[in-house]
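Position one of the sequence shown corresponds to residue 142 (the working numbering), numbered consecutively onward.
Worth flagging that the hints you see were computed from the coordinates, not collected in a lab.
Heads up, some of the hints might be wrong.
[To be verified] Straight line, CA to CA, 30 Å or less: simulated DSSO-like cross-link-like pairs of lysine-lysine: (1) K409 / K183; (2) K354 / K334; (3) K249 / K354.
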Amino acid sequence: MKHMRIGLLALLLMAATSAYATCAPGLVDVGGYRLWMQVAGKGEPTVVFESGGGNDSTTWASVEPQIRTQAGVRTVVYDRAGLGKSEPAPGPYAIDHEVQALERALHKCGVRGPLVLVSHSYGGFVSTLMAADDPHVVGMVLVDANLGSFFDKAEVDSILAKYTPQFDAFRKAKPQLASVMIPLMEAYPDTAKRVRAVPVPPALAVIDIVAEKTWADTPEELAAMRRAHADFVAASAAREAVFADGSGHYVMRDRPQIVIDAVERMVKKVSPR
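Model the full structure from these sequences, guided by the hints.
As structure tokens, then:
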């Protein structure tokens, strides 16, 4: 009986080790398809990086290693379904599937929390939904990220009017990326409506980084975007605004130290005293 208990313990330990090893780096089954994920470093909170639409985890290459070493935390980078090294998800697109897939992958990798989400562009939508429902999320750093309040019907209609005529050329030029991004774009009305209905918890610590040279096309669109971010920060004392002057939409590439400093401040803010 003693030998049986030892044997069972060894098997459990092997299984746990195997499950964790798939994350450093590797593919993690999230239910019918697999996401590529890397978990590295030690220390709390765990910082999870969420890329923008059409981007994979390499977007964070200039900041993730420094945050992991300088802040002394565990970090997670991953590719959403169909991007980078991850497999495409079956069925129609829904943003809730993105959130569920990330939560399943984190669970498979033994990452429970506390979590700080660092999100760029479209990744702001994913992080908003996750932060609203997951008590393990203790902070967010938004990097020129999407806010639901900005994407009203008029803005979504404008985006679709701009990009829909480009779909055929996109399919010919980059068929694999188009197979991921076109369904995401077609789902934008439902996505924006879903995110607008789920506010970021007002007590959640947030640093909102806004780029000077963001993706807005017109002065009117830029002004509306700036108002949305200003109103978002003003709605809670737990939120802080950072303006990345001189930076384009990819602040982590143009002004990486701004992102690094913000994440390090957030880590200190949410870490136990």
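Outcome of the hint check:
Distance check on the hinted pair: K409 and K183 sit about 15 Å apart at the alpha-carbon level, within 30 Å; holds. Annotation: proposed proximity of K354 to K334 holds, straight-line Cα distance about 26 Å (limit 30 Å). Pair hint K249 plus K354 does not hold up; C-alpha atoms about 38 Å apart against a cutoff of 30 Å.
Hint 3 alone, counting from the list given before, is not met by this structure.
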